[in-house]
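If you want the building blocks of each chain, they are given just below.
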Amino acid sequence: MSTTSTNIPLRADAPAPTVLVVEDEVLIRLVIADYLRECGYKVHEAVSGEEAIAILQAPEVSIDVVFSDVEMPGDMDGFALARWVRANKPGLQVILTSGAERSADIAATLCEAGPLMKKPYASQDVVDRIRQLAARAKRS
Amino acid sequence: MNAASVTVLPRRTPPSILVVENDVRIRCLVSDELRASDFKVLEASHAEDALTVLDAVRIDLLFIALDPSGEQSGLEVARLVRMRRMPTRVILAIGDGMLAKAAAEDFGLILSKPYQTSDIVELVIRTLNWPEAPA
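Protein chains in written order, with this note's numbering: chain A, 143 to 282; chain B, 18 to 152.
Worth flagging that the hints you see were computed from the coordinates, not collected in a lab.
In this text, a Cβ means the ideal position worked out from N, Cα and C, and glycines have one as well.
Do not rely on the hints blindly, as some may be mistaken.
[Stated by the list, open to error] Distance ranges between label pairs, derived from CB positions:
#1 Thr-134(B) x Gln-266(A): 44 to 54 Å
#2 Asp-49(B) x Gln-266(A): 19 to 29 Å
#3 Ala-73(B) x Arg-281(A): 39 to 49 Å
#4 Arg-143(B) x Arg-281(A): 26 to 36 Å
#5 Met-100(B) x Gln-274(A): 43 to 53 Å
#6 Thr-69(B) x Ala-264(A): 37 to 47 Å
[To be verified] DSSO-like, lysine-lysine: derived pairs with alpha carbons at most 27 Å apart:
#7 Lys-130(B) x Lys-261(A)
#8 Lys-261(A) x Lys-184(A)
#9 Lys-130(B) x Lys-260(A)
#10 Lys-260(A) x Lys-231(A)
Could you put together the complete structure from these sequences and hints?
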């Protein structure tokens, strides 16, 4: 079993989930992506909903969990991305995060794991949420 | 202390590389290849984000793929690195016939588009001398 500097064990015999981090604020994206990699996850990064879809449609890439900001530039915000995922990649887990006071009800209808994570979030809370989703996906 | 008593310790942390590429699939591919070679890789989609990262994080090598529509901004980032005398090596990926080619040659190593990801990994390894050869 491998462990990380933050004592978050990932089973060595199970492939680590691949996470797509969608966040337009570059420094926020770097911090959470770096943290997830240190925890043993494979991470891809996108700066917008459009980039996220380009990655999700790439045949060479397999994503297990999407972790996306809600407020993003361009035509597609996090809610629209979650709707796209639900329509085109059923079974793919989505976690939404937002710094604005938005309706948690909308997120609840789009994310299996419940309402959106409010910014600022603790990186460890993101990992906990991903682990919950991965465990749920494994059971189903 | 004389020279004979100096012990050269191997560098412990891998060099950090900032990959600036506006095509997300290429950026993803290049970054993955570099991470597979044990580099610490940060990603930016455009010049503005690259500048934000350069202001916040020590970067050992900057890899900028110049976009034909926005090549000037990429060159501006390279110019800034030089102007600030940052300890950052620069590799520029340039398309054939780009107007900026001549200017780019002043700023660092050039990689011609299209390139293989193995080319960039090899060039980065050579440029950074990583992993360092044992003393």
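Hint-by-hint comparison with the structure:
1. Thr-134(B) x Gln-266(A): 44 to 54 Å: Roughly 33 Å apart at Cβ, these two residues miss the hinted range, so it is violated.
2. Asp-49(B) x Gln-266(A): 19 to 29 Å: Cβ of Asp-49(B) to Cβ of Gln-266(A): about 25 Å, so the range 19 to 29 Å holds.
3. Ala-73(B) x Arg-281(A): 39 to 49 Å: Hint holds: Cβ distance 40 Å, inside 39 to 49 Å.
4. Arg-143(B) x Arg-281(A): 26 to 36 Å: Distance hint for Arg-143(B), Arg-281(A) is violated at roughly 48 Å.
5. Met-100(B) x Gln-274(A): 43 to 53 Å: The hint (43 to 53 Å, Cβ to Cβ) holds, given that Met-100(B) and Gln-274(A) are roughly 48 Å apart.
6. Thr-69(B) x Ala-264(A): 37 to 47 Å: At roughly 23 Å between Cβ atoms, Ala-264(A) and Thr-69(B) fall outside 37 to 47 Å, so the hint is violated.
7. Lys-130(B) x Lys-261(A): violated (40 Å)
8. Lys-261(A) x Lys-184(A): Roughly 23 Å separates the two Cα atoms, so the pair holds.
9. Lys-130(B) x Lys-260(A): violated (42 Å)
10. Lys-260(A) x Lys-231(A): holds (25 Å)
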